[in-house]
Structure formats: structure tokens, C-alpha cells
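**Student:** Letter by letter, the chains look like this.
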Amino acid sequence: MTARMPAGFRERQELMDQPRLSRTLARMAHEILEREPEVTKMVLVGVRTRGVPLARRLAALLAETAGGMPAVGALDITLYRDDLTTVGPQPVMKGTDIPCSIDGRTVVLVDDVLFTGRTVRAALDELIDFGRPARIKLAVLVDRGHRELPIRADFVGRTLTTTRDEIVQVQLSEEDGADRVLLLERTPEPRPARPRRAQRKRPAKGVSKGSVKATRKTPGKTRRGGR
Amino acid sequence: MSAGFPHKHLLGIEPLEPSHIETILDTAQGLREVLDRPIKKVPALRGKTVVNLFYEASTRTRSSFEVAEKVLSADSLSIATSTSSVQKGETLLDTARNLEAMNPDMIVMRHSASGAPHFLARHCRSAIVNAGDGAHEHPTQALLDALTLRQKKGRLKGLKVAIVGDVLHSRVARSNVWLLTKLGAKVVLSAPPTLMPPGLGALVPTTHSIDEAVEGADAIMMLRIQLERMSGGYFPSLREYHRRFGLTEERVRRAHKDVIIMHPGPMNRGVEIASEVADGPYSVILDQVTNGVAVRMAVLVLLLGGTQETQA
Numbered sequence: 015m016t017a018r019m020p021a022g023f024r025e026r027q028e029l030m031d032q033p034r035l036s037r038t039l040a041r042m043a044h045e046i047l048e049r050e051p052e053v054t055k056m057v058l059v060g061v062r063t064r065g066v067p068l069a070r071r072l073a074a075l076l077a078e079t080a081g082g083m084p085a086v087g088a089l090d091i092t093l094y095r096d097d098l099t100t101v102g103p104q105p106v107m108k109g110t111d112i113p114c115s116i117d118g119r120t121v122v123l124v125d126d127v128l129f130t131g132r133t134v135r136a137a138l139d140e141l142i143d144f145g146r147p148a149r150i151k152l153a154v155l156v157d158r159g160h161r162e163l164p165i166r167a168d169f170v171g172r173t174l175t176t177t178r179d180e181i182v183q184v185q186l187s188e189e190d191g192a193d194r195v196l197l198l199e200r201t202p203e204p205r206p207a208r209p210r211r212a213q214r215k216r217p218a219k220g221v222s223k224g225s226v227k228a229t230r231k232t233p234g235k236t237r238r239g240g241r
Numbered sequence: 218m219s220a221g222f223p224h225k226h227l228l229g230i231e232p233l234e235p236s237h238i239e240t241i242l243d244t245a246q247g248l249r250e251v252l253d254r255p256i257k258k259v260p261a262l263r264g265k266t267v268v269n270l271f272y273e274a275s276t277r278t279r280s281s282f283e284v285a286e287k288v289l290s291a292d293s294l295s296i297a298t299s300t301s302s303v304q305k306g307e308t309l310l311d312t313a314r315n316l317e318a319m320n321p322d323m324i325v326m327r328h329s330a331s332g333a334p335h336f337l338a339r340h341c342r343s344a345i346v347n348a349g350d351g352a353h354e355h356p357t358q359a360l361l362d363a364l365t366l367r368q369k370k371g372r373l374k375g376l377k378v379a380i381v382g383d384v385l386h387s388r389v390a391r392s393n394v395w396l397l398t399k400l401g402a403k404v405v406l407s408a409p410p411t412l413m414p415p416g417l418g419a420l421v422p423t424t425h426s427i428d429e430a431v432e433g434a435d436a437i438m439m440l441r442i443q444l445e446r447m448s449g450g451y452f453p454s455l456r457e458y459h460r461r462f463g464l465t466e467e468r469v470r471r472a473h474k475d476v477i478i479m480h481p482g483p484m485n486r487g488v489e490i491a492s493e494v495a496d497g498p499y500s501v502i503l504d505q506v507t508n509g510v511a512v513r514m515a516v517l518v519l520l521l522g523g524t525q526e527t528q529a
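Protein chains in written order, with the numbering used here: chain S, 15 to 241; chain P, 218 to 529.
Calculated directly from the structure, the hints in this document are not laboratory data. Any given hint could turn out to be false.
[To be verified] Non-contacting residues of chain S with respect to chain P, defined by C-beta distances greater than 12 Å in every case (computed):
| id | residue |
| --- | --- |
| 1 | E45 |
| 2 | E52 |
| 3 | R161 |
[What the hints assert, rightly or not] Calculated lysine to any residue pairs in the SDA-like style (CA-CA distance at most 20 Å, straight line):
| id | chain 1 | residue 1 | chain 2 | residue 2 |
| --- | --- | --- | --- | --- |
| 4 | P | K258 | S | F144 |
| 5 | P | K287 | S | D96 |
| 6 | P | K258 | S | P147 |
| 7 | P | K377 | P | I502 |
| 8 | P | K369 | P | R249 |
| 9 | P | K377 | P | G433 |
| 10 | P | K225 | S | V106 |
| 11 | P | K370 | P | P235 |
| 12 | S | K108 | P | G433 |
A virtual CB, placed ideally from N, CA and C, is assigned to each residue, including glycine.
Put together the whole structure using the sequences plus the hints.
**Tutor:** In C-alpha cells form, the structure reads like this:
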């Protein structure tokens, strides 16, 4: 499988390569362990699609250090989306799989990118329909800001400042054939078609070339976050 | 990746592309798990209203739609025409227009006349789902049969499926012939000469011998003898029908050794199917019922859910 490039977008910057991604995950695993030492009483629940392989990797890292393997589950939040019946995508259902009771346990919800927080809201509602966990923590590989709900992550791989119309794309070898995190930006609109030139007699040749660059929108600056 | 489902109504299998059928089956497979949850309710269709309008008797289909609607949190009301104004002589169009005035999002309809849901689709704003129209189509039954076959056999392409019984009156047979041939299964129809409609032979091979039809079959679908639609004279007696066309254990042995036996219900035990066969290990009749709920959930979600592919 190869990574998908959404229509109208192009790569702007590579935010993480494979070694950096695995170092980030290793650090997150340590942070989780520091705060939740009882690994066998923990359930890591990945949000489909890319939260699931991340949850599996974190579980393996926890098992290496702590000796015990936490349970791993998968959550398909499609049926809990707040935009399912309005403008949301036509649902592609892959199903939820929670392997054990979550009653009284610590659930660590795992997702690739934290953006508006709406996915997390849906995931929390769905999780609570499966039982009454002792506590729910949130782990995300990238926090890109722009929250629309009062939600924050407990474990963050990397914090980024982005503009709203950029896309943070996480690629994982399990799904996309490679491990990397990319920042995508909108491809600039193509120049207006020709016929208009006959109507409005401007601008003079020579000037137009320079004006192309001048009028091209400068994309929002991206700062390296990190903690 | 799913190809999507670009239709407003589900009136039949015949107009669907194979990829649309696969979208429904994939969605149903994904939704199947919801029925095993401790809390069998998801908020997907909160605030949507569905009217179940049944002009014919039904247990399985109606309760299956009702369960699917409840699991998805849609508000539903079921109208059995035996206790409604239809008894006072209201026409189908008037009933539908009056229901529409209450702004439902979907009408699920069963009617004894072929084409009744298509008529409704032309005159109503709501999404229409055909839950069986006369001897024409019963799309959700064919979809649940396909889902069951796919679960048990892992594929549909190349499977040999024998459909045996009262083909003449069976909308289930028609929808299944369309669906299975679109997805590449090999269908054989078998019925007594009086119960084999002309025309279907142009689509799939037919035979008057059940033994020939079940030979080497991967799946056998038995059809109910629809006594309520028969004006008499189609066959001498139920006992003779059972001897000539009933599915007995002996006939099951002619099929592939991993054969599965299906029946859309309700069964006439001892007529089209022997009790030992209906309760045998190869029978998947109850899986069909569970899959029926999953398929109906998929249809509800696809017709009432979103339509655009957007970034998550």
C-alpha cells in the first residue's frame, strides 16, 4: 500500500522520519509507565484507523519495559460521529473490538492526530457504553491544536502549530508501507482561464510574470513544537 | 476502500452495481459487532424518523427492521395495515402523503403489489426501502443471504447455489438471482413446471429436478411454498410436493460435503424442508436472521448517513 495524497494538497514538510517516530513512541511509552505502572490492568484502545497500530506498538514497548502485556483494543467511532447524518463522510465501518471488560481499569485511548477533539468526544461516548473504566487517558502522536471542545491529551508525541487548512498526515508501515509524519498544504489555485483577458485589458506583458509570485498566498508558518 | 452507495432509495437489487452491493455487505459486516455489545445501542441515527409500513404479514422482516432502527437510535413507528385506516379504504398514495406530512426520513414498505415502493418513491420526499413487493423483489433478504454466504464460504464468486421451490411466487428468488449473478456465483433454479416462471430461464439455468439442482451445490436455498398466494392446482398435494421437491437428508448428501442450507422463513416443516434438515448442522437459518439485522442497519446507515468523502 502507498500513502494517499488528498486531492488539492501537496507535501510541505516532513515532520518525523522513521527513527524519530520510534524514539517518540518509546518516550511516550515511558511516560505512560511512569504514571500508570500497573500495565496488566491497563487497556490500550486505538481509534481506527491509525490509532490501532500505534496502540499495538505502545503495548509492545510497555511489555518490553514492564514485563506484562496490556490488553489492546480497537474503536470504530463512525456511529458516534456528530456529523454522520449531516455532512460527514458516507460511513466505512470496520467495527469496534474491545477484548476484555473495561470496568475498573485504566483505559489509554490512542490516536494519531489530535485536532478539533471531536473524534475524542465520540470515542469517549463509545467507550463509556462498554463499561465504567476507573479512568481514561489520552495518548496522541501529534497534537496540532485548533480544539473545538474542551479536551486535552495526557501523553503527546509532538506538539505542532499549524494553520487550519493544513493537514497532518501520519503514515505507518502497517497501513501505508512506511513510517513518517508529513505536513500537507493546499496546492495554490491554478491561474484564471484565458478568455477573461479579452474582456479586461490588463495586465501588460512582462508585469504579469512578476505579479504571479507577488500574489501567491504565503502559507502559514509552521513552527517546530516538541516538548 | 468502499465505493460508496450513491442511491436515495433501495427499491431492488436489479438496478445496483456490483460495487454498491459490496458496499452494503462490507458495511453490514462492520456493523454486525454492535449486536454483540453489552449496550446494543449507538447514537448514529438520533433524531431520524423511520416509518415501517407493512401491507402484508411479516414477523422476521418487520421485527428485524425495528431492531435495526432501535439499535441505531432512530425513532420508528410501525403501521400494520390491518389496524389502520387502510381498512377504511384509504388509497396507498393518500396513506403515504399523510405519513409524509409528519416528515419521516425513511419509509420501509412491504406491499402485495409489485412496484408499489417504486410508485411511492416517485411521489414522496422520504427515502424508500422495499421490504418486499409482490412477486418482484425483496432486496434486504437477498443481501442478508449474500452476507451469510460470504461469512460461511469466504467468497461469492464461483459458488454453486441451488434455489429450490416456489420460484413463481418468490420475490426472494428474484432478488437472489440478480444479486448472486452480479457477484459471480453460479445459480441453478429448480421448481415444478407449474411453479417456474417463464423468463428467469434466460438469466440462469433451470431444472425440474431437485436432485439435479443440488448436485455438488455449495449452498441450497429453499423457498417457502406460498399457499396464501396460490389459487390451487399447482401441485396435487403437500405430501407429493415433499416427496418430489422437499429437501431431505438424502438429497443434502448429493451436495458438496460442506454445503450450507438456507431458508428465508417462515418454514413449512415437512413440506419444502424436512425437520432434520432444518435443524441439521449444515443449517444456517438462524445466522440468516442475525445477519438480517446487520444488513438492515447497513441500509439505514447508508441511506440516512452522510454522502461526502471528507478528511477525518
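**Student:** Look at each hint and say if it fits the structure.
**Tutor:** Quick rundown of the hints versus the structure:
Its beta-carbon lying about 26 Å from the closest one in chain P, E45/S satisfies the requirement of being farther than 12 Å from that chain. Under the 12 Å C-beta cut-off, the non-interface status given to E52/S relative to chain P holds; the minimum distance is some 24 Å. Against the 12 Å criterion, R161/S stays outside the reach of chain P, whose nearest CB is about 16 Å from its own CB. Proximity of K258/P to F144/S is assessed by CA-CA distance (about 11 Å); at most 20 Å being required, the pair is judged to hold.
Of the supplied pair hints, the one linking K287/P and D96/S holds, its CA atoms being roughly 18 Å apart against a limit of 20 Å. For the hint pairing K258/P with P147/S, the CA-to-CA distance comes to about 19 Å; that is within 20 Å, so the pair holds. For the proposed pair K377/P and I502/P, the alpha carbon gap of about 18 Å is at most 20 Å, so the pair holds. Among the hinted pairs, K369/P with R249/P is consistent with the structure: their alpha-carbon atoms are about 14 Å apart, no more than 20 Å.
For a cut-off of 20 Å, the pair hint linking K377/P to G433/P stands: about 8 Å separates their Cα positions. Using a Cα cut-off of 20 Å, the hinted pair K225/P and V106/S holds, with the two alpha carbons roughly 17 Å apart. Proposed proximity of K370/P and P235/P is supported: the alpha carbons are some 18 Å apart, at most 20 Å. Taken as a hint, the K108/S and G433/P pair is broken in the structure, with Cα atoms around 34 Å apart against an allowance of 20 Å.
Hint violations for this structure: number 12 only, all remaining hints satisfied.
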